[in-house]
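Peer 1: What follows is the residue order along each chain.
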Amino acid sequence: MKPKHLSLLILTLLVVAAPFFFPSGFYYRIGALIFINAIAVTGLVILIGYAGQISLGHAGFAGIGAYACALAPEHLGLPPVAAILLGAALSAALAWLVGRPILRLHGYYLGVATLGLGILISMVLSNEAQWTGGPDGIAVPDLGLRGLLRDLGWRVGAGELWYGLAGLVMILGAWLALNLFDSPTGRALRALHGSEVAARTMGIDVARHKLHAFVVSAVYASVSGSLLALMNRLITPDVAGFMHSVQMVTMAVLGGVGSVLGAIFGATILTALPQLLTVFHQYEHMVLGLVMILVMIFLPDGLLPSLMKRLRGRDGE
Amino acid sequence: MSALLEIDGLGIAFGGIKAVDDVSFAVREGEIVSVIGPNGAGKTTLFNMISGLYRPSQGKVRLKGSDITALEPHLLARRGLSRTFQNLQVFGEMTLLENVMVGHHLREKGGVLSDLLGLPASRRKTRASADSALALLARVGLEKAAYRAARTMSYGALKRLEIARALALDPKILLLDEPAAGCNAVETEEIDRLIAEIARAGVAILLVEHDMKLVMKISAHLVVLDHGRKIAEGAPTQVARDPQVIAAYLGQHGQEQVLHAEG
Numbered sequence: 001m002k003p004k005h006l007s008l009l010i011l012t013l014l015v016v017a018a019p020f021f022f023p024s025g026f027y028y029r030i031g032a033l034i035f036i037n038a039i040a041v042t043g044l045v046i047l048i049g050y051a052g053q054i055s056l057g058h059a060g061f062a063g064i065g066a067y068a069c070a071l072a073p074e075h076l077g078l079p080p081v082a083a084i085l086l087g088a089a090l091s092a093a094l095a096w097l098v099g100r101p102i103l104r105l106h107g108y109y110l111g112v113a114t115l116g117l118g119i120l121i122s123m124v125l126s127n128e129a130q131w132t133g134g135p136d137g138i139a140v141p142d143l144g145l146r147g148l149l150r151d152l153g154w155r156v157g158a159g160e161l162w163y164g165l166a167g168l169v170m171i172l173g174a175w176l177a178l179n180l181f182d183s184p185t186g187r188a189l190r191a192l193h194g195s196e197v198a199a200r201t202m203g204i205d206v207a208r209h210k211l212h213a214f215v216v217s218a219v220y221a222s223v224s225g226s227l228l229a230l231m232n233r234l235i236t237p238d239v240a241g242f243m244h245s246v247q248m249v250t251m252a253v254l255g256g257v258g259s260v261l262g263a264i265f266g267a268t269i270l271t272a273l274p275q276l277l278t279v280f281h282q283y284e285h286m287v288l289g290l291v292m293i294l295v296m297i298f299l300p301d302g303l304l305p306s307l308m309k310r311l312r313g314r315d316g317e
Numbered sequence: 001m002s003a004l005l006e007i008d009g010l011g012i013a014f015g016g017i018k019a020v021d022d023v024s025f026a027v028r029e030g031e032i033v034s035v036i037g038p039n040g041a042g043k044t045t046l047f048n049m050i051s052g053l054y055r056p057s058q059g060k061v062r063l064k065g066s067d068i069t070a071l072e073p074h075l076l077a078r079r080g081l082s083r084t085f086q087n088l089q090v091f092g093e094m095t096l097l098e099n100v101m102v103g104h105h106l107r108e109k110g111g112v113l114s115d116l117l118g119l120p121a122s123r124r125k126t127r128a129s130a131d132s133a134l135a136l137l138a139r140v141g142l143e144k145a146a147y148r149a150a151r152t153m154s155y156g157a158l159k160r161l162e163i164a165r166a167l168a169l170d171p172k173i174l175l176l177d178e179p180a181a182g183c184n185a186v187e188t189e190e191i192d193r194l195i196a197e198i199a200r201a202g203v204a205i206l207l208v209e210h211d212m213k214l215v216m217k218i219s220a221h222l223v224v225l226d227h228g229r230k231i232a233e234g235a236p237t238q239v240a241r242d243p244q245v246i247a248a249y250l251g252q253h254g255q256e257q258v259l260h261a262e263g
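In order, the protein sequences belong to chains A and B.
With my numbering applied, the first sequence corresponds to residues 1 to 317, in that order.
With my numbering applied, the second sequence corresponds to residues 1 to 263, in that order.
FYI, nobody ran anything at the bench for these hints, they're computed from the structure.
Any given hint could be a false lead.
Pairs of lysine to aspartate or glutamate, DMTMM-like flavour, derived with a Cα cap of 20 Å [as the list claims (entries may be wrong)]:
1. A:Lys4 x B:Glu6
2. B:Lys213 x B:Asp170
3. A:Lys309 x B:Glu190
4. B:Lys217 x B:Glu31
5. B:Lys64 x B:Glu93
6. A:Lys4 x A:Asp182
7. A:Lys2 x B:Asp131
8. A:Lys2 x B:Glu31
9. B:Lys60 x B:Glu6
10. B:Lys172 x B:Glu6
11. B:Lys144 x B:Glu190
12. B:Lys217 x B:Glu187
Here are the in silico distance ranges between beta carbons for each label pair [stated by the list, open to error]:
13. A:Val16 x B:Arg200: 53 to 63 Å
14. A:Glu196 x B:Arg123: 25 to 35 Å
15. A:Arg310 x B:Leu119: 28 to 38 Å
16. B:Asn184 x A:Ser306: 29 to 39 Å
17. B:Val186 x A:Phe21: 58 to 68 Å
18. B:Asn184 x A:Val197: 25 to 35 Å
19. A:Tyr108 x B:Leu75: 28 to 38 Å
20. B:Leu117 x A:Val16: 19 to 29 Å
Glycine residues also receive a C-beta, built at the ideal position from the N, C-alpha and C atoms.
Generate coordinates for the entire structure from the input sequences, incorporating the hints supplied.
Peer 2: Spelled out as C-alpha cells, the structure:
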C-alpha cells in the first residue's frame, strides 16, 4: 500500500473507532474540536511543512471563515453552507492579494508580516462592533443539517453530528494535502523549501508557488473557522487572535510539520489535554510555550516523525 | 556553426569593486568551454550572472541570438539554460528520485487544483517524470539509491545528482560549477566521462573547474579570468603556454603538469 493510502486508512479507522471508547457524550464535542483544529493545521503543513514558509497570522483567515458564517446568512440571506464557501473565497482572495508582497520576505520578516496581518483582521473584527458585535462576539445561525436529518427520520445528537461532519472534512482535507505532496506542485513546494536558488534554476516560479501554498492554507484555516463558528453557534474575535495563530503553529510543529498525520496528532494532543484536564486549562498558554520550547530542542522534526525514526532505526527510508 | 551562448562585455560591481569586468566569449553547440582562474577571479560570479541570479551592471548575454540578460532563472530554464552549483544546492529532505523529478517541473506542471484532487492527469505526469528521472539517475550511476533522502548521500554522489537534475531540464546549455570539486580520482574520472557524453549529445557545456587535468582533457576552448578580467582565451595547449596565464594561475609546475596531461 502507498503511504498516502495507509495514512488515510489509519486516520479513518481512528475517527470511526474512537467513539467506542468515549465514556460520555461530551467527548464527541472534544473530538469535533480536535478535527476542526486539525483542518487548519493541515493547511499549515502545506505552507510550513511543504513550502517552508511561516505564518503567524493564519487565525485571521479562521476569523474570516467564522464571521462569514455569522454575517452572510443574516445580511445576504445566504444559507450557512454557502457562507462557508463565501468565507473560503474571501480568505483566498485576501491571501492572494496580501501574499504577493509579503511572501517576498524571508524568515523572521515573513513571520512578523503575517503576524501583522492576523492582528489587523482580529482588530477589524473587534472594532467594527455594529457588524460583528465587537469583543463580546456574535451569534451564528444553525447549519440546519440536524433538522434536515430529523426530517429524513434520522435523529442524531449535536455532538455526534459535529463529530462526524468535522471528521469527514478533516479526512477530506488530509486526502487533498496528501495528494498534493506527491504531485508536481507538491514537489515544487518542497524543492523551494530545500533550496530556493536551485528551485528557481529548475524552472520553478518560486513566487507563484509560494502564493499558491499561502492561498490553499488560508482556505483550510477559513473552513476550520467556519465549522468552529457553526458548531459553537457563537463566535468572538478571539478566533482570529494571535493566540489562536500560535496555537495552530504549535500543534503543527509538535506533531511534525512535514507530515499530515503528525500535524493531526499534534492537534489532537494540544486540543484534548486542556479539555480533559481542567486544571491544565488555566495554564494553557504557559504549557503551549513550554511545549514549543521542548519540541524545538529535543524533537525538531516533531513528535510523530521522531517516533517513526526511532522505530525504524536511525535513518528512515 | 554560430554561437549558442554569447557573453558580450559582461560586468558587475559590488560596492564599487568590479568583480567581473568586460568579459566576452562564446559557446557553440556541443562544445565544452571551461572558465579557469585563481580563487576569487570571478568565475562563480560570472556563472551567477549568466544564470540570472545576479543582475549584471554592464554587457549582454545572448542565447541563440536573443537577449537573455538578467532574465529570471525560471525563465532561463524555459529557454534551455540549466546549471549546477559549486556549493551543493540539493533538496535534502527529498529522495534522489524526487530531486531529479523537480528538474522535470516545466514539463509536468499543471494546475494546483488538479494536483490537490490527484486527478489522473496529475498522476500521469508524476509517473512519467518518475520514469525518466530514474533513467537519468541510472545515467549518473545513482539508480540504486533512488529512494534515499538526498541528505543521507555522500558529497560525490550529490555532485552527480546535481548533474542528473540539471539534465532533466533537457538543456541546450549546461553550466557546471566545479562538478569535480571534492571528488576522489575515480569519481572525477566518472564525471569527466559523463560531461564528454553530455556534450556528444549536442549540449553546450560551460565549465568552471580547478582540476586542470580534467579541464585540459575535455575542453575545446579555455577562458582564463584573473581579478574579474579575461586575461587569455583559446585552445588548451595555447592557453597553457601563455606567460600571463602561467604567472596568474598555473605557475611553472602547473604548466608542466598541464602540458603533460595534454600528452
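Peer 1: Compare the structure with each hint and give your call.
Peer 2: Quick rundown of the hints versus the structure:
1. With a CA separation close to 48 Å, the supplied pair A:Lys4 and B:Glu6 exceeds the 20 Å bound.
2. Distance hint between B:Lys213 and B:Asp170 is unfulfilled; the C-alpha atoms sit about 28 Å from each other, more than 20 Å.
3. A distance of roughly 34 Å separates the Cα atoms of A:Lys309 and B:Glu190; the hinted pair therefore is violated under the 20 Å criterion.
4. Proximity of B:Lys217 to B:Glu31 is assessed by CA-CA distance (about 13 Å); at most 20 Å being required, the pair is judged to hold.
5. Among the hinted pairs, B:Lys64 with B:Glu93 is inconsistent with the structure: their alpha-carbon atoms are about 36 Å apart, more than 20 Å.
6. Using a Cα cut-off of 20 Å, the hinted pair A:Lys4 and A:Asp182 holds, with the two alpha carbons roughly 9 Å apart.
7. The suggested pairing of A:Lys2 with B:Asp131 holds, with an alpha-carbon distance near 17 Å, which does not exceed 20 Å.
8. A distance of roughly 44 Å separates the Cα atoms of A:Lys2 and B:Glu31; the hinted pair therefore is violated under the 20 Å criterion.
9. For the hint linking B:Lys60 to B:Glu6, the alpha-carbon distance of about 8 Å falls within 20 Å, and the restraint holds.
10. With a CA separation close to 13 Å, the supplied pair B:Lys172 and B:Glu6 stays within the 20 Å bound.
11. For the given pair, B:Lys144 sits about 17 Å from B:Glu190 by alpha-carbon distance, which is consistent with the 20 Å threshold.
12. Of the pairs offered as hints, the one joining B:Lys217 and B:Glu187 holds, with about 16 Å between alpha carbons and a cut-off of 20 Å not exceeded.
13. Taken as a hint, the range 53 to 63 Å holds for the pair A:Val16 and B:Arg200, whose Cβ atoms sit roughly 59 Å apart.
14. Take A:Glu196 and B:Arg123: their Cβ atoms lie about 27 Å apart, and the range 25 to 35 Å holds.
15. For A:Arg310 and B:Leu119, the hinted distance range of 28 to 38 Å is satisfied, since their beta carbons lie about 37 Å from each other.
16. Between B:Asn184 and A:Ser306 the Cβ separation comes to about 35 Å, which falls inside the hinted range of 29 to 39 Å.
17. At roughly 59 Å, the beta-carbon separation of B:Val186 and A:Phe21 lies within the given 58 to 68 Å, and the hint holds.
18. Separation of B:Asn184 from A:Val197 is about 27 Å and conforms to the stated range, judged on CB atoms against 25 to 35 Å.
19. Under the hint 28 to 38 Å, the C-beta atoms of A:Tyr108 and B:Leu75, about 29 Å apart, fit the expected range.
20. Distance hint for B:Leu117 and A:Val16: a CB-CB separation of about 24 Å, consistent with the stated range 19 to 29 Å.
In summary, the structure is inconsistent with hints 1, 2, 3, 5 and 8 from the numbered list given earlier, while agreeing with the others.
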